[in-house]
Amino acid sequence: MTKRFGGVLALNNVSFGISKGEIVGLIGPNGSGKTTLLDVVNNFLDKDGGKVYFNGENVTNVAPHKLACKGIGRTFQVSRVFEKMTVLENLLSVPVRRESSEAKFQRVKDLLETTGLMPVIYEYAKNLSGGQKKLLELSRALMLDPDLMMMDEPFAGVDPAMLDRLIDLVEDLNKTGKTFLIIEHNMALIHRLCNRVIVLNEGKVIAEGRIEDIEHNPRVVEAYLGSGVK
Amino acid sequence: MYRKSELLPHQIHWIIIGILAALAFYPCLNPGEFIIDVTFMLFHYAYLALCWNLISGFAGQFSLGHAAYYGVGAYTAGVLFMRFRLTPWLGMLSGPMLGAALALATGYPTFRLRHHYFALASLALAEVMRLFFLSWDYIGGAYGIWYEPVLRYSWIDFQFTVDHRVYYYIMFAMLCGALLLTWKIRHSDFGLRLMALRDDEEAAKSLGINTLTNKLVIAAISAGLTAMAGVVYAQFTLFIEPDSTMSIWVTMDMLLPAMLGGLGITYGPVIGAFILIPISWALRTFIGSTLQVVIRGIILMLIVAFMPDGLLQIVINRITRPALIRR
Chain A
0 MTKRFGGVLA
10 LNNVSFGISK
20 GEIVGLIGPN
30 GSGKTTLLDV
40 VNNFLDKDGG
50 KVYFNGENVT
60 NVAPHKLACK
70 GIGRTFQVSR
80 VFEKMTVLEN
90 LLSVPVRRES
100 SEAKFQRVKD
110 LLETTGLMPV
120 IYEYAKNLSG
130 GQKKLLELSR
140 ALMLDPDLMM
150 MDEPFAGVDP
160 AMLDRLIDLV
170 EDLNKTGKTF
180 LIIEHNMALI
190 HRLCNRVIVL
200 NEGKVIAEGR
210 IEDIEHNPRV
220 VEAYLGSGVK
Chain B
0 MYRKSELLPH
10 QIHWIIIGIL
20 AALAFYPCLN
30 PGEFIIDVTF
40 MLFHYAYLAL
50 CWNLISGFAG
60 QFSLGHAAYY
70 GVGAYTAGVL
80 FMRFRLTPWL
90 GMLSGPMLGA
100 ALALATGYPT
110 FRLRHHYFAL
120 ASLALAEVMR
130 LFFLSWDYIG
140 GAYGIWYEPV
150 LRYSWIDFQF
160 TVDHRVYYYI
170 MFAMLCGALL
180 LTWKIRHSDF
190 GLRLMALRDD
200 EEAAKSLGIN
210 TLTNKLVIAA
220 ISAGLTAMAG
230 VVYAQFTLFI
240 EPDSTMSIWV
250 TMDMLLPAML
260 GGLGITYGPV
270 IGAFILIPIS
280 WALRTFIGST
290 LQVVIRGIIL
300 MLIVAFMPDG
310 LLQIVINRIT
320 RPALIRR
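Here the protein sequences line up with chains A and B, keeping their order.
Position one of the first sequence corresponds to residue 0 (numbering that gives the first Met the number 0), numbered consecutively onward.
Position one of the second sequence corresponds to residue 0 (numbering that gives the first Met the number 0), numbered consecutively onward.
Keep in mind that the hints were calculated from the coordinates and are not lab data.
Please note that the accuracy of each hint is not assured.
Below, a sample of chain A positions facing chain B; criterion: calculated Cβ distance under 8 angstroms [claimed, not checked]:
(1) Phe15
(2) Phe43
(3) His64
(4) Arg73
(5) Lys83
(6) Pro94
Simulated crosslink set (BS3-like; lysine-lysine; CA at most 30 angstroms straight-line) [said to hold, decoys possible]:
(7) B/Lys183 with A/Lys65
(8) A/Lys69 with A/Lys19
(9) A/Lys83 with A/Lys108
(10) B/Lys183 with A/Lys108
Just so you know, these numbers come straight off a predicted model, no measurement behind them.
Don't be surprised by glycine CBs; every beta carbon is placed ideally from N, CA and C.
Model the full structure from these sequences, guided by the hints.
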């Protein structure tokens with residue numbers, strides 16, 4: 000994929016694949032094009048070139064809401080909760096087909112209990128803390144029951160206890176066959192979660208592979224990790 | 000089971016039902032034509048505010064051009080009756096259909112605009128319509144359409160000059176219907192989708208919500224219902240002209256009550272109208288219409304500055320929600 004913003008080449012022929020059931024980390028320095036990549040895949044931004052395939056189907060020009068229906072969920076770098084709606088309504092607003100309202104409520108309950116948001120079920124989303132908003136956004140995206148979940152710094156601002164539960168949640172979902180693409184700066188989390196890592200720098204993929212191999216790659220160390228990381 | 004509602008105190012429902020029940024029996028006391036007419040207009044503004052709230056309060060599409068749909072409704076009935084001698088009941092059917100069609104035709108390109116740009120586009124629509132109607136001689140131009148009054152009780156002509164209580168009950172039924180519809184939408188999945196796209200359109204899209212279709216559907220409903228009020232208004236006053244049906248002031252009469260009572264809350268527009276419209280009339284009577292406009296402008300500024308979510312939202316924030324969260 001290629002994406003330009005005026006004279007800036009935000010994505011320069013970026014190409015990669017993700018297999019079903021993987022947890023892939025997308026890392027890179029600020030401004031390397033990670034969020035732009037998700038926006039382009041998601042069709043929030045028009046591409047200047049390239050194609051996107053999902054489950055073998057060309058979804059390059061499929062509208063974002065249709066992509067969601069096809070099984071691609073996402074969360075945003077800056078939480079985008081529905082601020083004037085309660086936590087409960089945020090989750091119930093997700094259109095879920097072929098599910099009775101009882102089953103939907105049960106899933107809402109399970110997600111809220113997992114993410115620890117049950118005590119604030121009737122709180123307006125705008126009144127939540129930054130970490131709680133992240134949790135709400137994640138729970139809401141999971142209501143879609145997506146096959147591929149693209150998460151943009153989902154763990155930023157989440158307290159350590161909740162972080163463990165969230166990682167468990169991602170791992171449990173992964174065991175059921177869900178695929179994850181996670182943008183994250185916390186390398187310990189990347190280590191713990193990801194099977195594979197893609198490193199972006201200045202709109203290009205500079206490295207791709209297992210984290211153990213990546214972190215010794217001189218280009219990655221120079222562009223992103225720095226020499227102090229072990 | 001969880002409460003999927005607006006979290007209003009239960010007492011408010013009973014208060015509203017009580018007030019509506021009292022208003023249903025009120026004309027039986029023969030309060031006189033003036034009081035009946037005043038209450039009719041109160042219902043009329045409350046109804047319009049409810050219609051405006053559907054698109055602007057729930058779906059977040061801040062329309063400054065709703066007067067266009069109102070005018071289309073009024074003129075459809077007026078033209079059909081005065082030019083073709085067709086019963087205004089046909090206008091009750093075709094007016095809302097034309098209003099909805101206009102909303103769909105203009106909504107398709109303008110719903111791609113965001114925030115203030117949509118508001119400006121909708122305002123431009125109403126102004127273009129008003130100027131067009133002002134210069135269109137076939138429908139009376141600036142002179143408007145004057146009905147030939149039928150000086151009797153006529154259902155077929157939709158004229159009840161000898162007994163205004165019929166207008167009262169028609170408007171009352173429309174108000175109750177609009178309230179019920181608003182309630183149903185607010186508590187449906189469709190309502191949740193509208194509120195989701197209101198709060199964050201891209202996030203809504205990322206969750207599988209077809210934002211354009213949802214906006215078009217609610218725009219058609221809102222415009223159709225608004226046009227219906229235009230038809231009834233034309234039958235009530237027996238006179239319509241572009242300035243009194245399509246100007247920005249008509250839209251202001253819809254949005255101010257909704258903003259005062261509570262945007263995106265079922266009862267908000269009705270409560271706002273029942274407070275604001277009598278104040279407007281009193282101001283107009285005692286200090287004149289020019290100064291009244293100034294005061295209404297000040298009221299709008301105060302609402303935006305101090306209670307942007309309206310009166311009922313304050314009730315929810317201070318009473319119901321804290322109790323639920325404590326529980």
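Here is how each hint holds up against the structure:
1. Phe15: violated, 21 angstroms
2. Phe43: holds, 6 angstroms
3. His64: This interface hint holds because 5 angstroms falls under the 8 angstroms limit.
4. Arg73: holds, 5 angstroms
5. Lys83: holds, 6 angstroms
6. Pro94: Cβ of A/Pro94 sits 5 angstroms from chain B, so the hint holds.
7. B/Lys183 with A/Lys65: Measuring from Cα to Cα gives roughly 27 angstroms; hence the hint holds.
8. A/Lys69 with A/Lys19: holds, 14 angstroms
9. A/Lys83 with A/Lys108: holds, 20 angstroms
10. B/Lys183 with A/Lys108: holds, 24 angstroms
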